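S.K.: Take a look at the letters that make up each chain.
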Amino acid sequence: MLYLTRKAEFAASHYYHNPEFTPEENRRIFGKCNNPNGHGHNYTLEVTVKGEVDPRSGFVVDLKQLKETMHREVLDAMDHRFLNKEVPEFAQQVPTTENIAIAIWRRLANKLNHAKLHRVRVYETPDLFVEFYGEE
Amino acid sequence: MKAHLSRRYLFSASHRLHSDSMSPAENQSTYGKCNNPYGHGHNYTIQITVSGRVDPKTGMVCNLADLDVFIEREVLARYDHQNLNTLAEFAQEVPTTENLCVHIYEIVQRGFTLAHLETVGIEETMLNSFEYAGEKEFTAEEDLRGRGSKPQKQPDKRQQL
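Chains as they are written, first to last, in the numbering used here: chain A, 1 to 136; chain B, 1001 to 1161.
Chain A extracted, bound-state conformation (with noise of 0.2 angstroms):
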């Protein structure tokens, strides 16, 4: 079993709020965040896929494939977007950087040819990122 990681970077702008907490508590709960307005990120993105080597490849997976599906799945959705507004997963759920792995996790599990997705990560900043695994 190899594991073989991708990296990419998208900038998108976020706030969080749940409309089930008072005004107060969601102020409390996620302090700055909770501008309205918004504020952004550039997050770097990690998708670690797994498989066996195909002995006529020599790869794991076809990472211009790999690449193509990021692009298509997540950057297209997310680069340069209101994370809040412009993203489905997120009219209902909150966009911390733990559901965005989680959406993005789901974007890109069942689209992979060949190999397994074995994690994503997501950097929200240099010191703060978030790993899903698929545990539900």
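These are calculated hints, taken from the structure and not from any lab test. What you are looking at is a predicted structure, and each value in this text was computed from that prediction instead of being measured. All C-beta atoms, glycine included, are put in the ideal place defined by N, C-alpha and C. Misleading hints may appear alongside valid ones.
[Stated by the list, open to error] Some chain A residues near chain B, calculated using beta-carbon distances under 8 angstroms:
1) G31
2) V87
3) A101
4) V130
5) E131
6) E135
Chain A is fixed; fit chain B onto it per the hints.
M.R.: Only chain B this time, still in chain A's reference frame:
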């Protein structure tokens, strides 16, 4: 829905690697320039990884502000701009980054209850990093295979945590 969350924190401290149980020559050959009696310093980066269920209401494993407050109060306030050798935990123990990792793991494991602690990693320099996941002691057989350095603490103490 379970996710892992990692956060990095920085602090600066000095230390000297020296063991009273070794002769001056052994200390010199074991620790090299780190045995300089006046000590030296590093900018340390700690990486704390916690895991837990993503709360459907907040979208969070745990609130980062709570983790920040805890690490600031319990870890950074203790170690930042200190000489590690002068701290109680290093009175009898060499302040290697391995041992520091174990201490910080124990502090977070004991005191931070809002998420499950997975690992504590420390980068001492860009080239050296250490990680501790709270494993039990290596068995003698594993030690013979040379798996890492053996922490100096008593095994029974760690296993009680």
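S.K.: If a hint holds in the structure, say so; if it does not, say that too.
M.R.: Hint check results:
Using the Cβ-Cβ criterion of 8 angstroms, the hint placing A:G31 at the interface with chain B is satisfied: the shortest such distance is roughly 6 angstroms. Residue-level restraint check for A:V87 is violated (minimum Cβ-Cβ distance to chain B is 13 angstroms; threshold 8 angstroms). A distance limit of 8 angstroms between C-beta atoms decides the matter here; for A:A101 the minimum to chain B is near 6 angstroms, and the interface restraint holds. Given the 8 angstroms rule on beta carbons, the hint for A:V130 holds: about 5 angstroms separates it from the nearest Cβ of chain B.
Interface hint status for A:E131: upheld, as the beta-carbon distance to the closest one in chain B is roughly 4 angstroms, under 8 angstroms. Taking 8 angstroms as the C-beta contact cut-off toward chain B, the hint placing A:E135 at the interface holds, the least distance being around 4 angstroms.
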